[in-house]
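A.B. asks: Dock chain C against the given chain F, drawing on the hints supplied.
Protein chains: 2
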Amino acid sequence: MGMKYGDPDNPLLVSSRSGARESMPGMMETVLNVGLCSATIPGLVKKSGSERFVYDAYRRLITMYSDVVMEKAEDVEPAEGRGIRQQLEKLLDAVKESKGYSEDTDLTAADLKPLCEAYKAKVKEILGREFPDDAMDQLRGSISAVFKSWNGKRAVSYRRIESIPDGWGTAVNVQSMVFGNMGDTSATGVAFSRNPATGENNFYGEWLINAQGEDVVAGIRTPSPLNEETKNEQNEHLKSLQKEWPELYKELVDIRDNLEQHFTDMQDIEFTIQDSKLYMLQCRSGKRTGTAALNMAMDMLAEGLIDEETAVMRVQPEQLDELLHPIVDPEAEKKAEPIVSGLPAGPGGAFGEIVFTSDDAVAAERDDRKCILVREETNPEDVEGMRAAEGILTARGGMTSHAALVARGWGKCCIVGADALKIDAAAKTLSVGGQTFKAGDVLTLNGTKGKVYAGQMQMMDATENPRFQEFMKLADKRRTMGVRTNADTPEDAKIAREFGAEGIGLLRTEHMFYGAGAEQALFVLRKMIHADNDEERNKAIDELEPFVKRDIKATLEAMDGLPVTVRLLDPPLHEFVPQAKAAQEELAKALGVSVEEIKKRGANLHEVNPMMGHRGVRLGITYPYLTEMQIRAILEGASELKKDGKDPHPEVMVPVTCTVKELDFVKPIFDRVKAEVEKQSGVQVGCLYGTMIEIPRAALCADKMAVTAEFFSFGTNDLTQMGFGFSRDDIGGFLNDYLDKGILESDPFQTIDQEGIGQLIQISVERGRSTRKDLKIGICGEQGGDPASVDFCFKIGLNYVSCSPYRIPIARLAAAQAALKAKK
Amino acid sequence: MGMKYGDPDNPLLVSSRSGARESMPGMMETVLNVGLCSATIPGLVKKSGSERFVYDAYRRLITMYSDVVMEKAEDVEPAEGRGIRQQLEKLLDAVKESKGYSEDTDLTAADLKPLCEAYKAKVKEILGREFPDDAMDQLRGSISAVFKSWNGKRAVSYRRIESIPDGWGTAVNVQSMVFGNMGDTSATGVAFSRNPATGENNFYGEWLINAQGEDVVAGIRTPSPLNEETKNEQNEHLKSLQKEWPELYKELVDIRDNLEQHFTDMQDIEFTIQDSKLYMLQCRSGKRTGTAALNMAMDMLAEGLIDEETAVMRVQPEQLDELLHPIVDPEAEKKAEPIVSGLPAGPGGAFGEIVFTSDDAVAAERDDRKCILVREETNPEDVEGMRAAEGILTARGGMTSHAALVARGWGKCCIVGADALKIDAAAKTLSVGGQTFKAGDVLTLNGTKGKVYAGQMQMMDATENPRFQEFMKLADKRRTMGVRTNADTPEDAKIAREFGAEGIGLLRTEHMFYGAGAEQALFVLRKMIHADNDEERNKAIDELEPFVKRDIKATLEAMDGLPVTVRLLDPPLHEFVPQAKAAQEELAKALGVSVEEIKKRGANLHEVNPMMGHRGVRLGITYPYLTEMQIRAILEGASELKKDGKDPHPEVMVPVTCTVKELDFVKPIFDRVKAEVEKQSGVQVGCLYGTMIEIPRAALCADKMAVTAEFFSFGTNDLTQMGFGFSRDDIGGFLNDYLDKGILESDPFQTIDQEGIGQLIQISVERGRSTRKDLKIGICGEQGGDPASVDFCFKIGLNYVSCSPYRIPIARLAAAQAALKAKK
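The listed protein sequences correspond, in order, to chains F and C.
Sequential numbering from 78 applies to the first sequence in the working numbering.
Sequential numbering from 78 applies to the second sequence in the working numbering.
I should point out that these hints are in silico values taken from the structure, not numbers from a laboratory.
It does not matter which identical chain is meant; a pair holds if it fits inside one copy or across any two.
With a straight-line Cα cutoff of 27 Å, these simulated BS3-like cross-link-like pairs (lysine-lysine) come out:
no.	residue 1	residue 2
1	K526	K412
2	K818	K604
3	K327	K364
4	K447	K364
5	K818	K781
6	K616	K818
7	K853	K898
8	K850	K898
9	K225	K738
10	K872	K781
11	K677	K658
12	K744	K616
13	K676	K658
14	K308	K364
15	K447	K677
16	K626	K719
17	K818	K738
18	K571	K723
19	K499	K515
20	K554	K898
Bear in mind that the values here come from a model prediction, so they are computed numbers and not experimental data.
Excised from the complex, chain F in its bound form (with noise of 0.2 Å):
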């Protein structure tokens, strides 16, 4: 630079800042400009010719400086509008009021000169420490926070939910200041190469007058359009760069042009003008939403600017959720009147009860009530809750601000600047155009077209995109995993295979007995249940035999071409043991004992912990009449759609092995009917045999179960449970604690433990292969279509994945990218 820091004389203003911002919440996301003290300012007056341009710089260097480093970074915690900041922001506007201001712009050097002295009062009072008055004690303490918040409260709550290591670290930059707020001919501006909501290829931004970027970000002030291509309802009426200054603007698009070329890819640009000469702060790759992504990658494909496989790369898999993601019923909303509209930040539809704070937000998901998230504005604080909700709604802000950008991020629902909502947060109520809503009441938000309903209107599933279905061919030409789904109807199964699954990785028999429909094949259920001998047992579960063969008929017949792997009755007895005194009243009568009796017959159920309790094949071993009779009806379903042409291709798994012995008593069973329905149907019917890994000792003896299992499934939900100790349903009393503290980097039900249950899994695949050199090898857990999950998957061999039907998708796109990833 050529310039030394902290010379009065030739004064330099230096900025701070960490390698992430946005990007990492708590980390660093306000830039310290720092060097401004007794010693440096007259130097400063006299360079930039404007006293109320530094005193006005000092004032928000002391306040950024206060709150930053002297207050956040020492993770001291102010209660509730206590903070340093606030305090200081009230001085301001005392001042302000006084003198009859209604913009910052307003005070002249002459109100900011004491203001400033007021500022490092109040900073002593409240942090108990002085402002430092040294350029480089501020550079030292600026350079020193941004490490510090790297183990802030924030950044690791954030880095917790991103699967961020804590081991990456932060870096920091230091870097001489150009100012955008130096007057009327200084400016400052975000921008996107490209539109990063809807992928669009037109330059998309916006930038403010006499402002530095923070003011752009912070949604305080609207921000003008960059230029008259991308103007919306918000700034329509605000003038864009390229009519301001058409010719700088023509420099930023060479800019843009030159930075997109050598990127390949879109960038997030920042720069400032200072006294009318264009700077540019800094690129990187942007931020889009999952439309975006897809439609850049295939334009850029297009384009010839990218590859196939780069383009693959383009899309992060969750991204895709996006575009599969319920919308407002376009029909609902042409009869509905918005009650507000706003920008649209994040895609898809969305409704909810509203809440005010992230805690509500919280506490909303961990009820598993939906929620909406209404804001003035969002800040890092507001992380968890963003997460928690179903949308977002802020009164302030742009298209780059906070809450746009994170939602964006994740592809959620998010409306943004809907100024004419009054929000108070203290009472918990929300105003607009003569309405007042309060917390709990519905909202529906529409994120693609930015408009607000009141009340829950019907949502549907997203109309496709119709470049998708290109994109998914370019990703399944690299795929070489196969993909099935986890899906127990026929509506589930045909739903799957339009979401490209290869087959029903995972058909649960006993869904027949839950829900509307099910009640009659449920009341022959708990016949069996309650019965007292084998007799009367074993005569229910001829009675059951219809039902069975019906529902998993009706799915092979959906699936018909593809396999689907039936899985046996899993779950304990007493879940179906009724509860209701009608149900039990009608159950006696039909059994003929009393109400006591049934009463006492179900409680005789009861389970310590039903999860390792009497369930999977150990019921199967238990009754194995019950086992024949599933059997068969799968078998013979099989063979009747065979009869009639079709090419059901079942497969029969078993549930909660421990041991091959397990396999070894009901393979006879399977061996025995199988031959006895091909000899009355007198037509074969293909299937396989094989069993659910999901118990810690069947994984370690997998080379044993091998031998008798021609496919194994992965069961992660209970390999998960057994492997950690961690019952799911009682999880909740200590996760948060275990993520807080750091214990566990991620929910292991959620993303596979790759270090702990990943070696359960791995040992299977190779002890397994070992015995049975062609054992097909799947997944069925809820990891399924977890990206992070499926790209294991595919390292350690499997066969399939299977998951939703709404992830198959997903999981289509990190299994090519897996392979391509492999491949280099």
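C.D. replies: Showing chain C alone in chain F's frame:
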């Protein structure tokens, strides 16, 4: 042999028998003498000179063959009392009644000839098949029956109880017969080269003139004593072999001496005298009680027959149990009158409700009711009930009867041949000396003396066998692995020290909240559990500290100089929630809230699967102050003892860990508190910091756990629960099915499942020591006192096992034997 089987002119009766006999109920325990048929009868009459003898042999053959080969081996299951044997015996009884005979021996050839024909007709009628009238058919049938019986229900059940692998299989011996029942110059007998009940070095046995071996063993006739020295109350009026035929007795004594010198062990001998000539049928090492095993081992060592190592191997560890089991209090016994006396067939004392069938005994055991199985005589069908009963009492049979042999093998209290008893099994009553007892009434047995008392008598610990300590010293000389105890109180610790415990491997802190005397501590604990906020909670924790310190300090003192592993609080808190109204009210008052609120807070702690819920270190992470208090209590207790000149060695053990981060969370608390206590007291307290390995994930990540942990202790109960997915509380719903159907060979909570759970243990040991070479590793699950598990722990290199006080000698001996086996 030079003779041809089936040759009608020179007929040969042969005997086919399995390789296992009393040791395997269900396994062809009846020797089958075959070869009699219309073709061979005349030849045998000529040879023996007695038509009566031949037809009686024919009658016996039909009985046994139809019973064993045609009925049992085919798994034909007749109704109770409707078996072929009973039906044939009815025919016999009818003839005896019509002729006025009292003994079988009264029947003449003229009686027996038509009876044999009637027998054959009955066999045809009942079993639908002809009794085979061909020597070769009989031989083939009986050989194949032996092989079939290996898979018979009773044999399988017995193997399960004794953990004998199914794969062993059996053999068949075919040998030509000699007859002890060829008249009054013939006899048969069973003998032990030393007394199998006490170990005394005297020749001990029983014999019967004109009888077959079966007659001695079955206990139908009271056998005569072998010699004068060993006569007892039951047989003192009968003539001993020594007196009757002194020369034959002398010949037998010489053979006995010869055999013992050759085999250097006590021999179980069977002999037959045919026409005044002595034949040896078989010999093998004899079964013996624990007392006898120990005494014989020490005697033979003194005699120079065996060396020290052999002596140590001669006692099965489980047999020591008898020496440690309760006996009837001699003082109480002095004042009481026995209702009846019998032979002292199994040592020690027992009391329990009278049951009359094996099934009732099994049912009583499942309900946790102690019972005495009372039978006319026992047979292999009774084995499960004999196992389940506290004691066994029979009206018939001698010291070598089935009941006596089986009870002795198990070291179970047993009295046989109490022939004054009148048992009505159908009415379930028992009469003696004018008194009548019914099922459910309580009896007390003194198995060492053969006395039976009405009602429950005081029991006391076995007075120590004077040679026990001597024997244990020999064992300890060979032992290399440590043996500690699981003990929660100073009292237990003292008992354990007396039994040779080398420290405490598991002290459960929660013990102090259970039972009498714990009310005050429990009340404070409940205040903590029901606290609403950290302040309330921490106050209760402070209040709790004195209780914890007092308790642990006392146990540390009792174990002075030896290590004491203290496990931090383990169970889920809702275990302590008050259920009684009075307790709820008291607690409500103490906390100043309503009873409703107390109930609500208690209910909030409910968990679906508490075993995998909020417990162990998870509590310590949610409430770090609770952890801190416990560590402080332990270290302060130790430091106070040290100041008093004692030598405490506490070890802090963190339970239920699944990742090293949990250990890393608690470690700084441990370090800080230790520094504080040492500074305050001015005393250095040595204290190891380690963890339970009881979660599969912890086992798999043992290399990481050992970075922080200075010792491991395997909690094999939980490791088995999680590894198998078996809840110990709920396994009752299917364990018996699993054992009956051969899916499990033994209960994995009783003996370590080496195939599966053993892998987790082995992996932990290898990985743990790969990080920390001197890692101390022990085991503190229930299986720590199981000999097979001790052997496994030795093999994989554990430093110690820890078990309940009464199992310590067993563990010491098992560890010594493991070391000796490894030397070979």
